[in-house]
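Peer 1: If you read the sequences in order, they're chains A and B.
In this text, residue positions in the first sequence follow our numbering: the first is 12, and each later residue adds one.
In this text, residue positions in the second sequence follow our numbering: the first is 784, and each later residue adds one.
Simulated from the structure, these hints should not be mistaken for laboratory data.
Any given hint could be a false lead.
Taking CB as the label site, the calculated pair distances span [what the hints assert, rightly or not]: (1) B:Asn-840 to A:Cys-211: 17 to 27 Å; (2) A:Gly-31 to B:Ala-1145: 23 to 33 Å; (3) A:Asp-95 to B:Asn-840: 11 to 21 Å; (4) B:Gly-1218 to A:Thr-13: 23 to 33 Å; (5) B:Trp-1225 to A:Leu-41: 32 to 42 Å; (6) B:Arg-1120 to A:Asn-123: 46 to 56 Å; (7) A:Val-26 to B:Leu-1097: 31 to 41 Å; (8) A:Leu-70 to B:Gln-976: 44 to 54 Å; (9) A:Thr-13 to B:Gly-787: 16 to 26 Å; (10) B:Leu-1144 to A:Asp-308: 41 to 51 Å; (11) B:Asn-840 to A:Pro-170: 14 to 24 Å; (12) B:Asn-840 to A:Ile-20: 49 to 59 Å.
Some chain A residues judged to face chain B by a derived CB distance under 8 Å, without partners named [to be verified]: (13) Ala-40; (14) Ala-43; (15) Ala-156; (16) Glu-331.
Non-contacting residues of chain B with respect to chain A, defined by C-beta distances greater than 12 Å in every case (computed) [said to hold, decoys possible]: (17) Leu-788; (18) Arg-790; (19) Asp-885; (20) Arg-1054; (21) Glu-1076; (22) Gly-1123; (23) Ile-1141; (24) Gln-1233.
Where a beta carbon is used, it is the ideal one built from N, C-alpha and C, also for glycine.
So the chains spell out like this:
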Amino acid sequence: MTASTVLLIVLIIQVEALVGLLVLQGHGALGAHRAHRRAPAVDSAQEIVLRSVFEGRVLPDTVPRLRRLPPSVRTRLLGELGTDLTGGDRELLAQIADSAGVLRRARKNLRNPDWRVRLTGLDVLAALEIRHRRSHRFLSDPAPAVRAAAAQWVSDTEPHPDSLAAVADLLNDPHPTVRFAARVAVISAGQRAADLLLDCGQGPTCPSPTTLLSLAVPGPGFTALALSVADDPDPRARRAAAAVLGQDESPEAVAGLGRMLDSPDATVRRAAVRALGGSGRSTDVRTLARLAKNDPDGLVRESCLRALPELGTAGRLALEALAAQTVEDTAAQGTDGSTGTRHG
Amino acid sequence: MDDGLLREMLVVVNEIVLVYFVLVNLAQGTLVVCGGLEARDGMTEARGRRWLARSSNLLPSLSVLVPAHNEGLAIVEMVTATLAVHYNRLEVVVVNDGSTDDTMERLIREFSLEPLLRPDALRIPTRPVREVYGSHQYPGLIVVDKENGGKADALNAGLVRAVGDLICAVDADTVLDPDALVRLALPLAQDEQVLAAGGVIRVVNGCRVRFGRVVERLSPQGLLARLQEIEYARAFLFGRLGWNRLGDNVIISGAFGVFRRDAVVAAGGYRESTVGEDMELVLRLRRRAYEAEQAHRVVFVPDPIAWTEVPSTLRTLGRQRSRWHRGLAEVIRMHWRVIGRPRYGLMGLVVMPYYLLIELLAPVVEALGLVFLGVALYLQALAVPFALLLALSAYGFALVLGLMALVLEDLFDRHDSRLRDRTARLLSALVEQLGYRQLTVWWRLRGLAQFARGRTTWGEQTRLGSLAADPSRNAPSWARTDTAPAAPAARRAPGANTTGTTR
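Isolated chain A, as found in the complex (with noise of 0.2 Å):
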């Protein structure tokens, strides 16, 4: 084959994909200038929408004004109207939303056998808090997203012990995504949900120590299980260990902290130490002091440093003696003062 050749078969590839492009940009540029002259009557829509919503009552022209807007636009538009609603507020856009055929819409997508598709049903459901007989095969659909979607949808629709053990299996979920958007909806889902989880156990379908340890929720069975993972090899269990520590005032609470800080790994040391600091207990002050000067680890010693001001006046006083040091010492190094700082 000649170079000619080449070049002229690059040539065709290339003349196809710019007839494509172009077309796509002007089947764009279409979509913008409709967009564009819709705009007005999406902006009545939501208008009468929310009116209707602070009326508490569906106005007459609701329906038919939203149903002027093409499927998506009105799915769309309600869907984002529902994130922003509470309680009866979101019940009545609800009722909009199936007058409108939003919901028949959004139900169907869940059907489809794109996941993008199903997800943009998923989406708007959530969004409005609709039930829905099969809500709960989505927490096991083959698409992270729709999985991650269907996390919070489940645990604000059937706030039950099932559905929330079904959303905890997520907190295991090979997928990072689901797992955060699991922690979100247990979170979310309140302290009933994180007990709930506590009281299920070793299983093997419960969620690790660790895991449990991440949603960083007080409470006495939390601390429990954060002083039996105080000395857990696995740096990121006594991490997670020292958060909620952190939130608990009780004697063994502490202790298991001041443990922690003579951990030979930084990372655990750091965290006994934010711990510490968002304790606000002034009675930690020595101990940060002493390691803002002895730790071997720059990084622990600024959380030290950074600890110091939340632990009230002893605190601060502690501060302003370690700085006044650090000016001292590098002034006597004969250093530029470049890692120090000059204050007021």
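Using the hints provided, position chain B relative to the given structure of chain A.
Peer 2: Same frame as chain A, now just chain B:
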């Protein structure tokens, strides 16, 4: 020289250029396809993340670092708008890097700053710090006043005084979308292996901005800004998205990127010896991770958007492009040992060779190709139809890339754009190859020459520094418009400038 030998040499050079051209086509074509696939999935996923709004307590604390050198015209509006971005545990650390204008005075006055005790224990050397300030009215604001030392030095000064688990470096002329930081921090919150994440940067010139937010996306008035708009879309929406799909990213823009602070501190902070400090930092973080055999990722997230002003004159644009290319050359020199070594995975075997052969050397090959093509045609060593085919293919491919970028941008556009603006963008993509591309080749060659001469300075910063008789002409467009700070009333400083009109 023997005429026959010269002709043969020309033919060989042209064949090399042709092979290079096909390689570039293949590499960038692959990135385009991967970027397109990633864009399609990414956009749907982003729309389905309503649960993100409830995740604010689970997101790590974040410090936005704003290095500022002579940014007095717009710094107050920028800081106020950044403080109002949706993020639960947010801190804004402004580093006044030895400004010679009134940047520091304006900050002190507008935010009622007072000296603050914030010693640093990290021992990352920076130029001397004069004072650290805080504000009672704005508890999330820290201002570090230091002697001039360059952008990397300013970032290091901010880094050691920040308290966030994450840091986000933004330029002082950057406007963030309200949920940009939440979306950008998400990958780091949900996966400990993610070291850094970058978002999309778009051109703010011409856009309508209210309360420090872009409320309407309008195309810039000048052709130069419109051409840069296409370049930005191309770089972000399939360059980086494409690498995302392939599983490797080495560039996080210095104007909008989030890093794990402890990883940056452990790596020694930003390096001052290069003007490509953003890419250098990412490479260093990744090298360390590879050498420690630690699983890690650097990701590009397509939906968080930051807006930045681009140069509106050829002179400033030329300087910027030369600097960028010099930065790329410096970074590749610093990390050349990575290239071709399997120990560094895809980064060593594919990404870095790509940056060396296709990004760094492209202007050299393109310039050589143009010169030799001309000479070969003159000496009739090359058939005219072949030369035409080559030129057409090169133009056609660049056009495909430009249009593809616009199509991808459509997918992500959350701001309505007018038909007139879209037409203007399309026409700009069509004419981009006629003159502008050759200019960028020249600027990049100049950057390589500066690198060869060992130049290390940033050069004059004319975006805001060179004040003309009418200062508002030099202010970023977002600061010139009816920008009223969107700070909550309770936190607004008494007497704060809420008109947003800069002087």
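Peer 1: What are the numbers of the hints the structure violates, in ascending order?
Peer 2: none
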